[in-house]
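Those sequence lines, one after another, are chains D and U. Counting along the first sequence from 1, when you hit position 24 you're at 24 in the numbering used here, and nothing is skipped either side. Counting along the second sequence from 1, when you hit position 12 you're at 12 in the numbering used here, and nothing is skipped either side.
I should point out that these hints are in silico values taken from the structure, not numbers from a laboratory. Beta carbons are placed, not taken as given, at the ideal position from N, Cα and C, and that holds for glycine. Treat the hints loosely; a few may be bogus.
[Claimed, not checked] Output of the computed footprint for chain U on chain D, the stretches with three or more beta carbons under 8 Å from beta carbons of chain U:
(1) 40 to 51
(2) 105 to 112
[As the list claims (entries may be wrong)] Facing chain D, according to a computed beta carbon distance under 10 Å, are these residues of chain U, among others:
(3) E43
(4) S49
(5) V109
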Amino acid sequence: EAGVAQSPRYKIIEKRQSVAFWCNPISGHATLYWYQQILGQGPKLLIQFQNNGVVDDSQLPKDRFSAERLKGVDSTLKIQPAKLEDSAVYLCASRPLRALEAFFGQGTRLTVV
Amino acid sequence: RKEVEQDPGPFNVPEGATVAFNCTYSNSASQSFFWYRQDCRKEPKLLMSVYSSGNEDGRFTAQLNRASQYISLLIRDSKLSDSATYLCVVKDSLGDYKLSFGAGTTVTVRA
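Isolated chain D (complex conformation):
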């Protein structure tokens, strides 16, 4: 079974630039999460989708971050404009509707310089 796919794997941008990350969850998984993991910390939830609806985006910095999941499958996370403190690994995870285990992609490592 194919896992959660994320791209790009690595991205280096200058502060104030824009960046977008893409996630393709495991087929059939209704729930999709975006997490931010800063070095030395645990993953922090940014946004949770169920199909194409947002379940929780309370920790998403909405002045600069946006995410969408059109058609309830793929998702994109955008940062505009980026700040130095956005340097982190952005992890996408998916889960079937009534299952408890979440499966993670390999993440996108963002460096803002």
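We have chain D; now place chain U onto it with these hints.
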């Protein structure tokens, strides 16, 4: 107060040793609990769920204490391959399946 707090470690143990560490959670209504393992520069992967009665999976034993709101993980007969960061994960409330992660406990097993 953070939703999920863990022993920061690092725990540096010799092969064959037993190592144990805890995690506390703040929401008494939390429903489900897990330990995820994260290798260096890799994504987190589920190690085991934590059940109310405690459960074992090979050399790994997980315990839940609802009264004191903590979870523990014990690793017996440590192997070099057990070196990783162990993330405590809590599912909050009944319906929304929000997963909250601790900062992780780093374990290094040395030869």
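Check each numbered hint against the structure and report the violated ones by number, ascending.
5
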